[in-house]
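K.L.:
Chain by chain, the residues:
Number of protein chains: 2
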Amino acid sequence: MNTTFLKACRGEDVPYTPIWIMRQAGRYLPEYHEVRKMGTFLDLCKAPERAAEVTLQPVDIIGVDAAILFSDILVTCEAMGMPLDFQEKKGPILADPVRSQADVANLIVPDPEEKLGYVMETIRILRRELADKVPLIGFSGAPFTLSTYMIEGGSSKNFWNTKKMMYQAPEIYRALMDKITDCTLVYLQAQAAAGAQALQIFDSWAGALAPRDFEEFAIPYVRRIISELKKTTDVPIIYFANNGATLLETSKTSGADVLGLDWRINIDDAVARVGQDVSLQGNMDPIALLLPPEKLEKRIENVLEQAKTARGHIFNLGHGILPETPPEQAKLCVELVHKLSLRE
Amino acid sequence: MNTTFLKACRGEDVPYTPIWIMRQAGRYLPEYHEVRKMGTFLDLCKAPERAAEVTLQPVDIIGVDAAILFSDILVTCEAMGMPLDFQEKKGPILADPVRSQADVANLIVPDPEEKLGYVMETIRILRRELADKVPLIGFSGAPFTLSTYMIEGGSSKNFWNTKKMMYQAPEIYRALMDKITDCTLVYLQAQAAAGAQALQIFDSWAGALAPRDFEEFAIPYVRRIISELKKTTDVPIIYFANNGATLLETSKTSGADVLGLDWRINIDDAVARVGQDVSLQGNMDPIALLLPPEKLEKRIENVLEQAKTARGHIFNLGHGILPETPPEQAKLCVELVHKLSLRE
Numbered sequence: 030m031n032t033t034f035l036k037a038c039r040g041e042d043v044p045y046t047p048i049w050i051m052r053q054a055g056r057y058l059p060e061y062h063e064v065r066k067m068g069t070f071l072d073l074c075k076a077p078e079r080a081a082e083v084t085l086q087p088v089d090i091i092g093v094d095a096a097i098l099f100s101d102i103l104v105t106c107e108a109m110g111m112p113l114d115f116q117e118k119k120g121p122i123l124a125d126p127v128r129s130q131a132d133v134a135n136l137i138v139p140d141p142e143e144k145l146g147y148v149m150e151t152i153r154i155l156r157r158e159l160a161d162k163v164p165l166i167g168f169s170g171a172p173f174t175l176s177t178y179m180i181e182g183g184s185s186k187n188f189w190n191t192k193k194m195m196y197q198a199p200e201i202y203r204a205l206m207d208k209i210t211d212c213t214l215v216y217l218q219a220q221a222a223a224g225a226q227a228l229q230i231f232d233s234w235a236g237a238l239a240p241r242d243f244e245e246f247a248i249p250y251v252r253r254i255i256s257e258l259k260k261t262t263d264v265p266i267i268y269f270a271n272n273g274a275t276l277l278e279t280s281k282t283s284g285a286d287v288l289g290l291d292w293r294i295n296i297d298d299a300v301a302r303v304g305q306d307v308s309l310q311g312n313m314d315p316i317a318l319l320l321p322p323e324k325l326e327k328r329i330e331n332v333l334e335q336a337k338t339a340r341g342h343i344f345n346l347g348h349g350i351l352p353e354t355p356p357e358q359a360k361l362c363v364e365l366v367h368k369l370s371l372r373e
Numbered sequence: 030m031n032t033t034f035l036k037a038c039r040g041e042d043v044p045y046t047p048i049w050i051m052r053q054a055g056r057y058l059p060e061y062h063e064v065r066k067m068g069t070f071l072d073l074c075k076a077p078e079r080a081a082e083v084t085l086q087p088v089d090i091i092g093v094d095a096a097i098l099f100s101d102i103l104v105t106c107e108a109m110g111m112p113l114d115f116q117e118k119k120g121p122i123l124a125d126p127v128r129s130q131a132d133v134a135n136l137i138v139p140d141p142e143e144k145l146g147y148v149m150e151t152i153r154i155l156r157r158e159l160a161d162k163v164p165l166i167g168f169s170g171a172p173f174t175l176s177t178y179m180i181e182g183g184s185s186k187n188f189w190n191t192k193k194m195m196y197q198a199p200e201i202y203r204a205l206m207d208k209i210t211d212c213t214l215v216y217l218q219a220q221a222a223a224g225a226q227a228l229q230i231f232d233s234w235a236g237a238l239a240p241r242d243f244e245e246f247a248i249p250y251v252r253r254i255i256s257e258l259k260k261t262t263d264v265p266i267i268y269f270a271n272n273g274a275t276l277l278e279t280s281k282t283s284g285a286d287v288l289g290l291d292w293r294i295n296i297d298d299a300v301a302r303v304g305q306d307v308s309l310q311g312n313m314d315p316i317a318l319l320l321p322p323e324k325l326e327k328r329i330e331n332v333l334e335q336a337k338t339a340r341g342h343i344f345n346l347g348h349g350i351l352p353e354t355p356p357e358q359a360k361l362c363v364e365l366v367h368k369l370s371l372r373e
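Those protein sequences? They're chains A and B, same order as listed.
Heads up, my numbering is the position in the first sequence plus 29, with the first residue counted as 1.
Heads up, my numbering is the position in the second sequence plus 29, with the first residue counted as 1.
A portion of the hints provided could be inaccurate.
Derived DSSO-like pairs (lysine-lysine); straight-line CA-CA distance at most 27 Å [stated by the list, open to error]:
| id | chain 1 | residue 1 | chain 2 | residue 2 |
| --- | --- | --- | --- | --- |
| 1 | B | Lys337 | B | Lys360 |
| 2 | B | Lys259 | B | Lys144 |
| 3 | A | Lys119 | A | Lys144 |
| 4 | A | Lys327 | B | Lys193 |
| 5 | B | Lys118 | B | Lys75 |
| 6 | A | Lys118 | B | Lys118 |
| 7 | B | Lys208 | A | Lys324 |
| 8 | B | Lys75 | A | Lys360 |
| 9 | B | Lys144 | A | Lys193 |
| 10 | B | Lys193 | A | Lys193 |
| 11 | A | Lys208 | B | Lys324 |
| 12 | A | Lys75 | A | Lys119 |
Derived, one-sided and incomplete: chain A residues facing chain B with beta-carbon distance under 8 Å [stated by the list, open to error]:
| id | residue |
| --- | --- |
| 13 | Pro240 |
| 14 | Val303 |
| 15 | Gln305 |
| 16 | Glu353 |
Here chain A is said to cover these stretches of chain B; the calculated rule only asks that three of the stretch's residues, wherever they fall, bring their Cβ under 8 Å from a Cβ of chain A [claimed, not checked]:
| id | region |
| --- | --- |
| 17 | 82-90 |
| 18 | 189-200 |
| 19 | 269-275 |
| 20 | 284-295 |
| 21 | 317-326 |
It should be emphasised that the hints constitute simulated quantities derived from the structure, not laboratory data.
Even for Gly, the Cβ is constructed at its ideal location relative to N, Cα and C.
All chains should be modelled from the sequences, with the hints used to inform the complete structure.
P.N.:
Structure below.
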């Protein structure tokens, strides 16, 4: 098996820098659209055979060093009892947002094999099919990010309602975060038990928080999840606090093996902030995939160069690949990362 | 006159920390809605007497130490030849986006007194009416931020078209930036000549750029504007690169007297990055205005404490005040900043 990804997570020597791409199983691939057209986005998440199929596509088509489960961070919100819908253009809708202590009390901490069994089944299929290829990454949303969707009822520009609850009713906010944390923990434990070989926790909206609010309201819950996970599994854990350059020192206290970086920070700047006892993942601007080949090569070289001081480095984009991206550019990126990082 | 704001911009001693609030003349004030209902948003920008009236409102109602011209950064795009419209919910629309060298050639560098005379007239009215109160801040958008609206045709989530042009057709992008820069320079020169006593350059979308792209495609144009401005006026210049924590060292090379900070960075962290020969402005999370009074007081105290090492500090929010904010909370914030920062 190609173990470069797992080794880089742990800071072990690798023959070249491994790469995977956030949203690599997704809308930029015509092969994805072929499968997707059979139903809604949520249907696809819940159909293990098809979800496994799209998970495998980028491994074969663009040659990445890890597969990441095709799913969505919001399936846990549905499993906790909130009706979930994805609408074209509008994004996710959680029709009945959490605003009161009673709303929190109505949420359940689900048994993941019961309510999210389709995810575990997808993982089991993938482990069989991937056996001799690359490792499989499982994932979940981080509690703060999930809380924003549950409180706002969907995506948000300013997170007005989330912060309002945080500032004016911290006891309700903490009760919600406790429940999401419990759910996320059992969900990730179940993914590892089903065969996920690494776990990424996506804190997509962490960058909306001032450092002191991140310290007080977000990171303690991630820390609890990771410290509990570490008791029952030794799979590497990646924590990605998007737009979190100023939160890096605090993010490191999560206990994650790897910190994900968006493209707004130079990796050497990140190393200066977090030191050399954690691996880093990232961080090219997704739209830099549009650069002409020679310039793309220079850009990748620059990222690899900056990452040389890191304990371990997994190349990735700083955010999900965008649907309009030509797949051949993603493939070229993978080839260039492998070629340019090849150790002598 | 209350000169605390101008002194803090220059790093001179002040009896207390001055404060103004981004979007202080705006939708959170019932008095603003009274004036605004007489026409569209753009009508109001173009009606000097009424624009002056709403500019003055927060000076009287919440007690800030500076007034900022009521206007919009996109009026220059209109003056350059692009039809501009503001639609409720949708935001600004520039119907005919710039995509080619020919589109750039069609833009003009306007005579500001001719095409933006209503702004200069507003400034002249305000200087008369403000004479014995507080200084007046003029402003413009920064070239990169204006370029995103002109290329995308409005607001954008990912800036796909802007970055595509930057990466695939840099010669067109630079031609556009040159023209916007020329326009912004004469516009700010005209504002200073009309009586603006400080100038803020808003780079609202700077945080979308990787540090190397910011260095290559954004800051050189801001630097040119500021160095040219400094030849003809000595009013303090504030540069606000929103979401720009990792861009601060580069932002400082703009030559601005003051750097604006959004709420994502602790001010002492910013001082460590930029040193003590530039003043700082910011940076409380706008939604922290919802905190109960005792907690709001602590939050403000914390910001003031962090800013003690800065050369000069102007208190502000880290982004514009949101329309749903109770005006009495803004007023309380101003009082608390004054009380808590009073020098002995």
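K.L.:
Each hint needs a verdict: does it hold in this structure or not?
P.N.:
We went through each hint and held it up to the structure:
1. B/Lys337 to B/Lys360: holds, 23 Å
2. B/Lys259 to B/Lys144: Distance ~24 Å between B/Lys259 and B/Lys144 Cα, so the pair holds.
3. A/Lys119 to A/Lys144: Holds, because 26 Å separates the two Cα atoms, which is no more than 27 Å.
4. A/Lys327 to B/Lys193: holds, 17 Å
5. B/Lys118 to B/Lys75: OK: B/Lys118 and B/Lys75 at ~21 Å, within 27 Å.
6. A/Lys118 to B/Lys118: holds, 15 Å
7. B/Lys208 to A/Lys324: Holds, at about 26 Å.
8. B/Lys75 to A/Lys360: Violated, at roughly 51 Å.
9. B/Lys144 to A/Lys193: Violated: B/Lys144 and A/Lys193 sit about 42 Å apart, past 27 Å.
10. B/Lys193 to A/Lys193: Since the Cα atoms of B/Lys193 and A/Lys193 sit roughly 37 Å apart, the hinted pair is violated (cutoff 27 Å).
11. A/Lys208 to B/Lys324: holds, 26 Å
12. A/Lys75 to A/Lys119: Holds, at roughly 21 Å.
13. Pro240: Holds - the Cβ of A/Pro240 comes within 8 Å of chain B, reaching about 5 Å at its closest.
14. Val303: Status violated, d = 14 Å.
15. Gln305: Hint on A/Gln305: violated, closest Cβ of chain B at ~20 Å, above 8 Å.
16. Glu353: Nearest chain B Cβ about 6 Å off; hint holds.
17. 82-90: violated (count 0)
18. 189-200: holds (count 5)
19. 269-275: With 3 residues close enough to chain A, the hint holds.
20. 284-295: n = 4 at 8 Å, threshold three: holds.
21. 317-326: Our answer is that it holds, as 5 residues pass the Cβ test (under 8 Å) against chain A, meeting three.
Violated hints, in rising order: 8, 9, 10, 14, 15, 17; the structure is consistent with all others.
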